Amino acid sequence: MQETLATSTLSVPSRSSISTQDKFSTAGQTSSTGPRPPRHSIVPPPSKSKGWNSGTKFHQMRRTIAEDTEWSLAIVPLLTELCIQHIVKNFQNNPLLKQLLPAHQQKVLNLLSPDLPLAVTANLIDDENYWRRCCTQRWPVCHVAKHGGSWKRLFFERHLENLIKHFIPGTTDPAVILDLLPLCSNYVRRLRVDQFLPPVQLPPPPGELSDSGSDVELEEPATDHYQLRDLVAGLSHLEELDLVYGVKDCGMNFEWNLFLFTYRDCHSLAATIKACHTLKIFRLTRSKVDDDKARILIRSLLDHPALEELDLSHNLIGDRGARAAAKLLSHSHLRVLDLANNQVRAPGAQSLAHALAHNTNLTSLNLRLNCIEDEGGQALAHALQTNRCLTTLHLGGNDLSEPTATLLAQVLAVNTTLTSINLSCNHIGLDGGKQLLEGMSDNKTLLEFDLRLSDVAQESEYLIGQALCANREAARQRALNPSHFMSPVMAKGPENPAG
Amino acid sequence: MNPPGSLGVLEEKEEEHLSTPILGPSIHSDNPQKRIQARRLRIAARPEGRRREVLGEYLDGKKESEEDRSKSYRQKEESRLKLAKLLLCGTELVTNIQVATDIREIHRRVEEEEIKRQRLEKLESEVKTSQDKFDEITAKWEEGKQKRIPQDLWDMLNTQQVHCAGLIEDKNKLIGELQQELKTKDDQYVKDLKKQSDDICLLLERMEEQVKNVMKTFRQELNYIEKAFEVERQELLTSTKKKWERALQAHSAKELEYLMNRIKKVEGYEKQLNKQRIWDWEDYNMIKIRLEQDVQVLEQQLQQMKATYQLNQEKLEYNCQVLKKRDEESTVIKSQQKRKINRLHDTLNNLRSKYAQQIKQFQEENQSLTSDYKRLVMQFKELQKAMRHFAVVDDKQFREIWLMNEEEAKDLMSRALDVDRIIHTHHLGLPWTAPEFWFLRNVGPLSQQPQKSATQILEEVLMQAEEEGMEETASEAESYLDLPKQISAKTTRKILMLLCDESGFLIESKLLSLLLPLEKNECYLLRLDAIFSALGIESEDDLYKLVNFFLKYRIYHSPSSQEQTSPMSALEPGEQTDLEGQEEESLVEGKPEEKEALPSPRLIHPNDVLKILEAFVMGLKKPRNSRAPVKLKYVQDNSKDSEYWEALTTVIPDTTQSLWDALYTGLEKYHLLLTQRAKLLVENSSLEQQNTELQMLLQQYLDSKINSELQVPPTQVFRVPTK
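Sequences listed follow chains A and B, in order.
Note that the first sequence covers residues 1 to 499 in this note's numbering.
Note that the second sequence covers residues 1 to 723 in this note's numbering.
Pulled out of the complex, with its shape left as it was, chain A reads as follows (with noise of 0.2 Å):
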């Protein structure tokens, strides 16, 4: 107080005082303008005039201040938020954030933007919350838990497919997805890619490609689409590829060149596959794969260190692709086949079987919509007689019919390691309800089995579905764990919407 007498009296105040005053100064007029917003206060206007016209009042401003509730020092923004300020402010030039304390780095990384360039914040920024953030502006719905439950890595995955989706070759420069690669290879784990844009034709209108659907095929190069193989290669935790060679949403531009799956593009996956050691699941749907092009892939795939599951469903896949599956299926450790909606027949399901019956690995094996006949359908069940591994089969649509399901009922009774069947859409008969029936009467382990719309006596149908409660009851007994109950259940929610 003596002070800012001194000050108010002496004609040459120092430095220190000045600032004193102001702030002085400053807290009055709060004070005495009463309920004011407390923006103001934190970028105080200050002027040296107005402290020394106000000097005379400081009696009575004194006064005030204390009779002011509003008034604390938590309106004074701290240095260290200053500075935080900052450093969000300058992040993009100099990213400080490791150097920062726990509790300032939260405080950060709660006010950066999510705008900031990758390059800036890929390998530096852990925090969920921020990746979070990156997400939801980008993305309105965003399913965190298909991506590990990361947000970081749910970000750099949608980034990358986004920008593979949207490559057209020859026009797009590689660099645009290849600059990424170093920023996102360590989070990067899956690729879902449904769209693979062809190379743009400047040339020929609409009209002259529509008629001519040959011609397309001989100019086969220029359809080629994005090549994966210096992406994936620098992808080192990648784990599921998951690929459609088809363009979405074309409307009424659709043109057959559009879903085109080149050769070159086979081989240029093939390799890509082979190449990349850490692929587990792989699955390419859709994509028009024939024979020729699955044995091509296939063979990339065989001897592959950690592939588990292996995707080609709604595919051309013939007899000879289903024989190189075989094939792969006794060289490598394939836990799940999919080769739903192809065309294997007999022959195919034959090698198949073969192949499974002294298999040690193969848990799924899906054929449905295929057409693999009784005789295939016989040689599945003998195959199954010493299969001691499989416990999912979905053999849907399949044009089985009786003989089958005779076996099928042997195979029953002494299987144990199967959990679910799926005879949908079958000719099983009325008779071979009853056998079915059978074989389930002395079966302790079957979860599931699907008879619907295969001609089955409804009184067998009720009966199977019966010991299969029985059976669930059990497991469940067994297991003691409820989920467990509801897991099938689950586990078919995604294949739904395809089908």
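All clues stand as given, with none of them false.
Listing some non-contacts, in silico: residues in chain A with all C-beta distances to chain B over 10 Å:
(1) 94
(2) 99
(3) 127
(4) 135
(5) 259
(6) 291
(7) 308
(8) 335
(9) 382
(10) 438
(11) 479
Under 10 Å between C-beta atoms, here's a sample of chain B residues computed to sit facing chain A:
(12) 81
(13) 85
(14) 92
(15) 96
(16) 98
(17) 99
(18) 103
(19) 109
(20) 110
No wet-lab data here; the hints were simulated from the structure.
What you are looking at is a predicted structure, and each value in this text was computed from that prediction instead of being measured.
Heads up, the beta-carbon is just placed ideally off N, CA and C, and yes, glycines get one too.
Given chain A's structure and the hints, the job is docking chain B onto it.
What follows is chain B alone, placed relative to chain A:
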């Protein structure tokens, strides 16, 4: 829930306690046995009661908890099943669409295939017909070329045109059909798309519905379960509250009761205390008076006692003085005695030291002597060893030398005999017989003939006895040259059998078990072998000694059984003096008649066998100790040796020698004659040679040419003896 149960049990227990003494024997009964019984019963009842208590509690608890739990548990189970069913049905409902699409797709595929096939067929047929038509047209072109008349040509061209138009129309029709089909397909595709979108919509709807349904039911079931739990909890609460209140009431009632009891008791005690106090006061007064009286009496007594004390004191003082005097005297005597003791002690010590010294001296002496003795013994043993060694070596050397000499002698003898034979057969023309001498067959020193071992003899005896049991008398003399004549094989055998039967204890049990399957004779043999090894019988002599001993014992013993010890004593010195067993011979020889009189050892009682054996073993031990007999044998044998060697010299008798001499002189004469003849023969031959030489010369001269030149050849002069 538990307290009532336990209370009930407690009550029951109390009842039991009350009931048992009434029913069973009482602890307080007069009969002690009854009392014991009662106590036992009580002890037995205690654990039983406890067990029943625990069991009852457990059962009650279990039942109740089951009841309690069952409500919520049932609800949970019901909900679970319901939800599972719901989920299953929902999934089925949702997947139904997929299945339906699948089957539709299958049907479509089948149809598509059929249509494709039909279309292909149609196209093929069409191609065929159009080809035909085309061929027809082209054929007609050829025809047209030949036509010359323009009218015809025009007609034909027209028809051709019509045909072509027809063909084209056909084709166009086909194209139109196909395009129509394509259009319908397009429509179909659009329809399919619509259908699929409808399906997807339906699917989504159903899924949403299911989600809603499931959520609703889950919530509902959750509510139910919660309600069930709540109800259960409420029930539990009310029941426990009731119980609590009941218990509290019981408790307060009991407390009131206790309080009343306590007040009553306090009043009673107060009354008692007052009474006691009054009574105590009176008592106290009475005792006081009596005690005062006692005090007076005691004071009087005290006075009296003081007077007597004075008197006694004086008496004691006098006594004390007397005793002091005596004490002095005794001290003097004591000192004297002590001195005496000291002196005696000194002497004793001196004597002791002397004694110790002497003991030490003698011990040293003794030690030196014993060491001397040991050394001597050692020396003696070594000497004996050396001696034995030398004896063996000597023996060997002797044998070798003997053999060498014998061989030499034999050689010489055989040569002599050969000569003799030649002389006899060649020169004298007499038949020659080889001389038979006992020494010719002998090999090795005479004294070292191997002695037969006891077992060998045994074997022989047994075998012999078995074979010639009948004609023992005949064979006896032949086979047992070595045996003392008086002992027949049969007797020996019998004695041995007896021994074998009686002294089975000397055989090891293991051996006995091994012997069981063997033949009787072998069995005996092995048994006897074992017995002999136990008794220490090794050689033939020992065996005979044993047999003889038996017989002798029998002889001595038979006259009087009371002189049991006398034969032993008589025997022992005899054996000691005569180590070679000559004594036994003399004994045996002395009593041959007696033995003949008692030929069978059957008369030896089996019980005596042991005694005999004992005596024999005692007797046998002593000769074993010395090695004297070995030396004596050599001395005795020397005479035999010399006899042997001398006998060797006389292999060619004197008569033959004189014969040889005579022959020698005759032969010498013959030789002389022969030499003369030889000389004459030589002369004769030389003369013959001279004669032939001369004849040759003469012939030469006669044959020479000069003869023919000569007028008178000398050949004509004399007749030449031609050949």
